[in-house]
Amino acid sequence: MKVSEKHPDDLSTLSGVFSAEKDKDSPEVTTEVLSLDSFEAEILKDVVSKLESLQEKLDPAQSLFKRLSGAKEDVDKKITSQGKHLKKLESNIRVCKRGKSGKARQQTFIRQQKDLKNLLSAFKKQSDKLKKELDEASDQLSKLSEEKASLLEEKSTLSGSI
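Heads up, the sequence shown is in the working numbering, so the first residue is 1 and it goes up one at a time.
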């Protein structure tokens, strides 16, 4: 019995006709979808590879930033403590008594003060240098973080479309 001979109300016949038409188109549609999925998967794979590479750069940058922050904090603490010590020396210089022993003590305090000022100056230079390096590391870290956020957004977009 042919399809045209069957009654049009027979739903099984109609579904058979539609399924036959669907099967004809199905391989092409499936192939196109698979090739599209394959293309998107390649892009996703590339994005994941870039993310891994970026993470390899980000980890040392974060480590450098932490190390520089700690070093600057230590130097700043030394500056503060040496500044306090310098004030004590200045006070001691003013309080020294007259006479031979007083002048000798005063000269000792003056030499200590001079050495301490030189040390304090060196600490300030080191602090400035560390601040500059810290700013550069911070800039690099923020650029890498922005790039990572962009790649993660691209990855989530691609993951949602596959």
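These are computed hints drawn from the structure, not numbers from a lab.
Possibly wrong hints are sitting among the right ones.
[As the list claims (entries may be wrong)] With a straight-line cut-off of 27 Å between C-alpha atoms, the simulated DSS-like cross-links for lysine-lysine are: (1) Lys132 x Lys57; (2) Lys103 x Lys77; (3) Lys132 x Lys155; (4) Lys84 x Lys125; (5) Lys132 x Lys78; (6) Lys132 x Lys45; (7) Lys114 x Lys72; (8) Lys57 x Lys124; (9) Lys77 x Lys87; (10) Lys117 x Lys78; (11) Lys88 x Lys78; (12) Lys117 x Lys97; (13) Lys117 x Lys103; (14) Lys88 x Lys114; (15) Lys78 x Lys97; (16) Lys88 x Lys72; (17) Lys87 x Lys103; (18) Lys87 x Lys97; (19) Lys88 x Lys77; (20) Lys87 x Lys72; (21) Lys66 x Lys124; (22) Lys103 x Lys84; (23) Lys50 x Lys155; (24) Lys143 x Lys87; (25) Lys114 x Lys124; (26) Lys131 x Lys57; (27) Lys72 x Lys124; (28) Lys131 x Lys155; (29) Lys77 x Lys66; (30) Lys125 x Lys72; (31) Lys87 x Lys124; (32) Lys78 x Lys66; (33) Lys77 x Lys124; (34) Lys66 x Lys148; (35) Lys87 x Lys129; (36) Lys143 x Lys72; (37) Lys45 x Lys84.
A quick note: this is a predicted structure, and the numbers were derived from the prediction, not measured.
Item to complete: Quickly compare the C-alpha distance for lysine 45 and lysine 84 to 27 Å and report which way the hint goes.
Response: violated, 59 Å
Fill in: Hinted pair lysine 132 and lysine 78, Cα distance within 27 Å
holds, 18 Å
Worksheet item: Are the Cα positions of lysine 88 and lysine 114 separated by 27 Å at most?
Response: holds, 13 Å
Discussion item. Checking one constraint from the list: CA of lysine 131 to CA of lysine 155, max 27 Å. Satisfied?
Written reply: violated, 35 Å
Worksheet item: Regarding the pair lysine 77 and lysine 87, is the alpha-carbon distance no greater than 27 Å?
Response: holds, 16 Å
Practice prompt. For the pair we were handed, lysine 50 and lysine 155, check the Cα-Cα distance against 27 Å.
Written response: The given pair, whose Cα atoms are some 10 Å apart, holds under the 27 Å limit.
Worksheet entry | Straight-line alpha-carbon gap lysine 143 to lysine 72, limit 27 Å | holds, 22 Å
Worksheet item: Is it true that the CA of lysine 117 sits at most 27 Å from the CA of lysine 97?
Response: The hint holds at about 24 Å.
Practice prompt. Could you grab the alpha-carbon distance between lysine 132 and lysine 45 and see if it respects the 27 Å cut-off?
Written response: violated, 38 Å
Worksheet item: Given the hint that lysine 125 pairs with lysine 72, does the C-alpha gap stay at or below 27 Å?
Response: The given pair, whose Cα atoms are some 11 Å apart, holds under the 27 Å limit.
Worksheet entry | lysine 132 paired with lysine 57 [C-alpha distance capped at 27 Å] | At roughly 20 Å apart (the allowed maximum being 27 Å), lysine 57 and lysine 132 satisfy the hint.
Worksheet item: Keeping to a limit of 27 Å between CA atoms, is the pair of lysine 143 and lysine 87 held or broken?
Response: violated, 43 Å
Taken one by one, the earlier hints fail for this structure at numbers 2, 3, 6, 8, 15, 24, 28, 37, listed in ascending order.
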